[in-house]
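The numbering of the sequence shown is the working numbering, which starts it at 1 and goes up by one.
By construction, these hints were calculated from the structure, which means they are not laboratory data. Among the clues, some could well be false.
What the hints assert, rightly or not - For lysine-lysine, the following DSS-like pairs were computed, each having C-alpha atoms within a straight-line distance of at most 27 Å: (1) 126 <-> 43; (2) 190 <-> 180; (3) 169 <-> 182; (4) 184 <-> 164; (5) 71 <-> 125; (6) 35 <-> 8; (7) 106 <-> 125; (8) 66 <-> 125; (9) 125 <-> 88; (10) 174 <-> 186; (11) 8 <-> 31; (12) 169 <-> 180; (13) 179 <-> 163; (14) 178 <-> 190; (15) 66 <-> 93; (16) 88 <-> 106; (17) 174 <-> 190; (18) 126 <-> 66; (19) 178 <-> 163; (20) 43 <-> 31; (21) 178 <-> 164; (22) 182 <-> 170; (23) 163 <-> 174; (24) 164 <-> 175; (25) 93 <-> 71; (26) 179 <-> 164; (27) 170 <-> 180; (28) 190 <-> 179; (29) 170 <-> 184.
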Amino acid sequence: MKRFYSPKSGFILLLLAVLSCVSQKKKGEYKGLSKFYHNTSAKYNAYFNARELMNLSLARIEAGFKEDYSKVLAVFPYEATEDVGGEKANLDKAIEKVATDISIHKYSRWADDCYFLLAKAQYVKKDYETAEASYDFLLNEYQPSRILQNSKSLKEKNAKSVKKERERKKEDAKKEAKKKAKAKAKARAKAKTSK
1 MKRFYSPKSG FILLLLAVLS CVSQKKKGEY KGLSKFYHNT SAKYNAYFNA RELMNLSLAR
61 IEAGFKEDYS KVLAVFPYEA TEDVGGEKAN LDKAIEKVAT DISIHKYSRW ADDCYFLLAK
121 AQYVKKDYET AEASYDFLLN EYQPSRILQN SKSLKEKNAK SVKKERERKK EDAKKEAKKK
181 AKAKAKARAK AKTSK
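Whole structure, please, built from the sequences with the hints as guidance.
Structure (structure tokens):
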């Protein structure tokens with residue numbers, strides 16, 4: 001007879017069961033596998049599909065847009081288009097997907113991206129008041145200063161790595177110059193001895 005499980009798999013299941021037991025958990029706190037699940041599910045399910053619908057709608061709006069050169073040209077075709085018409089259904093579907101994603105995966109790191117996509121879809125749909133409210137909520141809730149701080153720390157890290165790279169290149173150049181000087185000295189010494 002075949003065994004349905006091995007001792008290894010039983011040990012792993014027991015270990016996972018023990019690790020998943022938590023004595024106290026704060027509301028909305030995700031750790032470990034739960035955090036991984038929510039982040040992955042938020043990004044690759046609703047957010048991805050909504051972003052694809054949004055890109056498709058924008059491409060169709062751009063394809064159907066004709067420039068009027070007698071007027072001031074718009075930067076984005078969807079701003080100059082008076083009626084998005086057939087794309088409202090896709091934009092509504094994208095808004096619905098992102099809203100569902102936000103409600104299910106509130107604490108994932110993709111929530112702010114979902115709110116941004118939601119506001120952008122509302123803006124393209126010409127629902128300006130709702131889009132403004134969504135942008136305001138995004139700015140108040142997710143604090144762009146924190147995002148900027150993260151990007152500043154990345155810039156600092158990049159600046160440090162660039163500085164280290166420059167120093168390394170200078171040291172390499174010095175070593176190369178010393179090698180050339182030694183080679184020249186040897187060549188001069190050889191030339192003097194051969195005379």
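These are the hints, each one checked on the structure:
1. 126 <-> 43: holds (26 Å)
2. 190 <-> 180: Satisfied, since the Cα-Cα distance of roughly 15 Å is no more than 27 Å.
3. 169 <-> 182: holds (20 Å)
4. 184 <-> 164: Violated, at roughly 30 Å.
5. 71 <-> 125: holds (23 Å)
6. 35 <-> 8: holds (26 Å)
7. 106 <-> 125: Between residue 106 and residue 125 the Cα gap is close to 24 Å, so the pair holds against 27 Å.
8. 66 <-> 125: With Cα atoms ~18 Å apart, residue 66 and residue 125 stay inside 27 Å; holds.
9. 125 <-> 88: holds (6 Å)
10. 174 <-> 186: holds (18 Å)
11. 8 <-> 31: holds (25 Å)
12. 169 <-> 180: Cα-Cα ~16 Å, so holds.
13. 179 <-> 163: Answer holds: residue 179 to residue 163 is near 24 Å, not above 27 Å.
14. 178 <-> 190: holds (18 Å)
15. 66 <-> 93: holds (26 Å)
16. 88 <-> 106: Distance ~26 Å between residue 88 and residue 106 Cα, so the pair holds.
17. 174 <-> 190: holds (24 Å)
18. 126 <-> 66: OK: residue 126 and residue 66 at ~19 Å, within 27 Å.
19. 178 <-> 163: holds (23 Å)
20. 43 <-> 31: holds (17 Å)
21. 178 <-> 164: The hint holds at about 21 Å.
22. 182 <-> 170: holds (18 Å)
23. 163 <-> 174: Between residue 163 and residue 174 the Cα gap is close to 17 Å, so the pair holds against 27 Å.
24. 164 <-> 175: Measuring from Cα to Cα gives roughly 16 Å; hence the hint holds.
25. 93 <-> 71: Given that 27 Å is the threshold and the Cα spacing comes to 33 Å, the pair is violated.
26. 179 <-> 164: holds (23 Å)
27. 170 <-> 180: holds (15 Å)
28. 190 <-> 179: Roughly 16 Å between the alpha carbons, so the hint for residue 190 and residue 179 holds.
29. 170 <-> 184: holds (21 Å)
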